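**Q** Produce the entire structure from the sequences given, and follow the hints as far as they go.
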Amino acid sequence: MEHRLQLTNRKNLGLTGIVDVIRFDLNEVLLETENGMLMVKGADLHVSRLSLEKGEVDIDGEVDTLAYSDTPSFDKKTGGMFGRLFA
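Counting from 482, one number per residue, gives the positions in the sequence shown under the numbering used here.
Just so you know, these hints were derived from the structure itself, not from any lab. These numbers were taken from a predicted model, which means no experiment stands behind them. Every residue, glycine too, gets a C-beta built ideally from N, C-alpha and C. Each hint should be verified, as a subset may be incorrect.
[Unchecked claim] With a Cα cut of at most 20 Å, we get these calculated SDA-like pairs of lysine to any residue:
id, residue 1, residue 2
1, Lys522, Asp539
2, Lys522, Glu509
3, Lys535, Thr514
4, Lys492, Thr546
5, Lys535, Asn490
6, Lys535, Thr497
7, Lys492, Glu515
8, Lys492, Leu547
9, Lys522, Leu507
10, Lys522, Phe505
11, Lys492, Asp506
12, Lys535, Gly523
13, Lys535, Gly495
14, Lys522, Arg485
15, Lys522, Tyr549
16, Lys492, Lys522
17, Lys492, Ser529
18, Lys522, Leu488
19, Lys492, Asp539
20, Lys492, Val544
21, Lys522, Asp506
22, Lys535, Val502
23, Lys492, Thr552
24, Lys535, Leu507
25, Lys522, Asp501
26, Lys535, Asn508
27, Lys535, Asn516
28, Lys522, Asn508
29, Lys492, Glu509
30, Lys492, Leu507
31, Lys535, Arg491
32, Lys522, Asn490
33, Lys522, Lys535
34, Lys522, Leu486
35, Lys522, Met482
36, Lys492, Glu537
37, Lys522, Val502
[Claimed, not checked] Here are the in silico distance ranges between beta carbons for each label pair:
id, residue 1, residue 2, range
38, Asn490, Val528, 25 to 31 Å
39, Asp525, Met482, 26 to 32 Å
40, Ser550, Leu488, 16 to 22 Å
**A** Written out as structure tokens, the structure reads:
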């Protein structure tokens, strides 16, 4: 599966190649992609469409940061590398 992202006016983010949504709230969304972990940070973030069968996610809101990590595993309790990096 190919991983792509399309960000329009920092308001609408369309993603493909999504394996799983690890966690999300109004300020951040953590995704597992075909190319590693992806942290989306911003304000008033909403997962407006989710299809894990197709590997697609749409996120609406004010996108401030997109950050990738090659860390293949993730400690859900501590947030792993992202938990320490973005805490």
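**Q** Give a verdict on every hint.
**A** Hint check results:
1. Lys522 to Asp539: holds, 14 Å
2. Lys522 to Glu509: Distance ~4 Å between lysine 522 and glutamate 509 Cα, so the pair holds.
3. Lys535 to Thr514: The hint holds at about 12 Å.
4. Lys492 to Thr546: holds, 12 Å
5. Lys535 to Asn490: Roughly 25 Å between the alpha carbons, so the hint for lysine 535 and asparagine 490 is violated.
6. Lys535 to Thr497: With a Cα-Cα distance of about 8 Å, the restraint between lysine 535 and threonine 497 holds, given a limit of 20 Å.
7. Lys492 to Glu515: violated, 23 Å
8. Lys492 to Leu547: holds, 13 Å
9. Lys522 to Leu507: holds, 9 Å
10. Lys522 to Phe505: holds, 10 Å
11. Lys492 to Asp506: holds, 16 Å
12. Lys535 to Gly523: violated, 25 Å
13. Lys535 to Gly495: Status holds; Cα separation ~13 Å.
14. Lys522 to Arg485: With Cα atoms ~18 Å apart, lysine 522 and arginine 485 stay inside 20 Å; holds.
15. Lys522 to Tyr549: holds, 12 Å
16. Lys492 to Lys522: Roughly 12 Å between the alpha carbons, so the hint for lysine 492 and lysine 522 holds.
17. Lys492 to Ser529: Holds - the C-alpha atoms of serine 529 and lysine 492 are around 12 Å apart, at most 20 Å.
18. Lys522 to Leu488: This hinted pair holds, its Cα atoms lying about 13 Å apart.
19. Lys492 to Asp539: With a Cα-Cα distance of about 11 Å, the restraint between lysine 492 and aspartate 539 holds, given a limit of 20 Å.
20. Lys492 to Val544: Satisfied, since the Cα-Cα distance of roughly 6 Å is no more than 20 Å.
21. Lys522 to Asp506: holds, 10 Å
22. Lys535 to Val502: Status holds; Cα separation ~13 Å.
23. Lys492 to Thr552: violated, 27 Å
24. Lys535 to Leu507: violated, 24 Å
25. Lys522 to Asp501: holds, 17 Å
26. Lys535 to Asn508: violated, 25 Å
27. Lys535 to Asn516: The given pair, whose Cα atoms are some 16 Å apart, holds under the 20 Å limit.
28. Lys522 to Asn508: Measuring from Cα to Cα gives roughly 6 Å; hence the hint holds.
29. Lys492 to Glu509: Holds, at about 14 Å.
30. Lys492 to Leu507: Holds - the C-alpha atoms of leucine 507 and lysine 492 are around 13 Å apart, at most 20 Å.
31. Lys535 to Arg491: The given pair, whose Cα atoms are some 24 Å apart, is violated under the 20 Å limit.
32. Lys522 to Asn490: Between lysine 522 and asparagine 490 the Cα gap is close to 15 Å, so the pair holds against 20 Å.
33. Lys522 to Lys535: violated, 23 Å
34. Lys522 to Leu486: holds, 15 Å
35. Lys522 to Met482: Roughly 24 Å between the alpha carbons, so the hint for lysine 522 and methionine 482 is violated.
36. Lys492 to Glu537: The given pair, whose Cα atoms are some 17 Å apart, holds under the 20 Å limit.
37. Lys522 to Val502: holds, 14 Å
38. Asn490 to Val528: 25 to 31 Å: Given a distance of about 18 Å, which is not inside 25 to 31 Å, the answer is violated.
39. Asp525 to Met482: 26 to 32 Å: With Cβ atoms ~29 Å apart, the hint holds.
40. Ser550 to Leu488: 16 to 22 Å: holds, 19 Å
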